[in-house]
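Novice: Sequence:
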Amino acid sequence: MNGMNEPTLTMYERLLSTHQLVAIQETKFNKEDSLQTNEHFIHVADSGARCFWTDSTSPVFNGRHGVGLVLSSASPFGEVVDLTARAYKDQLRNRYLLLKTSLGGKTVFLHVVYAPDEPQQRGEFFRMLPVNFNDAYTGDDEEDRSSMHLVVGDFNTTMDNYLDQASPSQHLPGTGREELCDWLDALGLMDAWRFVNPEERDFTSPTRKNRLDYCFLTVDLLQDHLATVSHVRDRKWHGEDHIPVEFRLQAKFLPRTKRTPWR
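Residue numbering for the sequence shown follows full-length UniProt numbering, beginning at 1 and increasing consecutively.
Possibly wrong hints are sitting among the right ones.
[As the list claims (entries may be wrong)] Computed beta-carbon distance windows for the label pairs:
id: 1; residue 1: A85; residue 2: R127; range: 12 to 22 Å
id: 2; residue 1: N197; residue 2: T18; range: 21 to 31 Å
id: 3; residue 1: D224; residue 2: E79; range: 15 to 25 Å
id: 4; residue 1: R127; residue 2: D224; range: 26 to 36 Å
id: 5; residue 1: G239; residue 2: D185; range: 31 to 41 Å
id: 6; residue 1: R86; residue 2: S169; range: 40 to 50 Å
[To be verified] Taking lysine-lysine pairs in the DSSO-like style, the calculated list, with each CA pair at most 30 Å apart, reads:
id: 7; residue 1: K89; residue 2: K28
id: 8; residue 1: K106; residue 2: K89
id: 9; residue 1: K236; residue 2: K28
id: 10; residue 1: K209; residue 2: K236
id: 11; residue 1: K31; residue 2: K89
These are calculated hints, taken from the structure and not from any lab test.
For glycine and all other residues, C-beta sits at the position ideal for the given N, C-alpha and C.
Please build the complete structure, drawing on both the sequences and the hints.
Specialist: Shown next, in the form of structure tokens:
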């Protein structure tokens with residue numbers, strides 16, 4: 001969003017009336033009042049919404065970095081536990097949000113990522129992301145093997161020199177890719193947009209020269225529940241400079257409810 005110090009009620013009304021999960025990168029809060037103002041507007045727009053911020057774990061309020069996640073009152077997720085403090089590393093400070101919840105009786109981890117734009121810092125950042133989701137995170141060793149992961153954010157890294165870069169010969173946009181892929185492999189994650197668009201070249205960065213923004217899903221979550229995923233070019237919410245990624249999951253094999261498919 002490139003800064004959330006001057007939010008509007010209209011923005012949250014529009015977002016939460018059509019989306020059940022909203023991830024925000026670059027909140028750039030410069031004071032605690034800014035965070036509280038965002039929460040006020042969120043709850044005016046949707047009194048039952050739940051919101052989580054990295055600034056709650058790392059309250060620096062220095063106008064840099066910061067990510068958040070908002071679940072509307074219509075979201076199908078169960079109780080949410082904020083695990084960001086347990087995953088804390090200095091390299092992840094105010095850049096990584098980790099939540100544990102449930103969906104259809106299964107444990108789900110929600111991750112929001114804002115990776116460094118400085119190439120020399122990205123590899124170390126990705127190496128610091130958690131990979132061992134044992135009882136420290138789940139409370140049960142057995143859940144580690146059946147839990148699902150949903151990861152969204154600005155990774156400041158391309159996944160393919162040709163498909164994700166306007167200039168394939170440039171090496172800096174791909175710096176940190178190996179470390180990122182190691183983390184994705186460890187969690188069994190796939191790039192949802194690339195899964196649906198295996199050969200398409202489309203770019204989400206502010207310069208529109210690189211694809212940096214992703215939704216990564218656990219394989220079974222992607223194969224069983226992904227309905228649509230797209231880059232949103234026909235709507236603006238808050239002057240965002242990146243192209244947002246919008247996805248829609250549906251409960252193909254989960255118990256039927258009267259709720260519409262969530263996104």
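Novice: Evaluate each hint against the coordinates.
Specialist: Outcome of the hint check:
no.: 1; hint: A85 x R127: 12 to 22 Å; in the structure: holds (19 Å)
no.: 2; hint: N197 x T18: 21 to 31 Å; in the structure: holds (22 Å)
no.: 3; hint: D224 x E79: 15 to 25 Å; in the structure: holds (23 Å)
no.: 4; hint: R127 x D224: 26 to 36 Å; in the structure: holds (30 Å)
no.: 5; hint: G239 x D185: 31 to 41 Å; in the structure: holds (36 Å)
no.: 6; hint: R86 x S169: 40 to 50 Å; in the structure: holds (41 Å)
no.: 7; hint: K89 x K28; in the structure: holds (19 Å)
no.: 8; hint: K106 x K89; in the structure: holds (27 Å)
no.: 9; hint: K236 x K28; in the structure: holds (19 Å)
no.: 10; hint: K209 x K236; in the structure: holds (19 Å)
no.: 11; hint: K31 x K89; in the structure: holds (22 Å)
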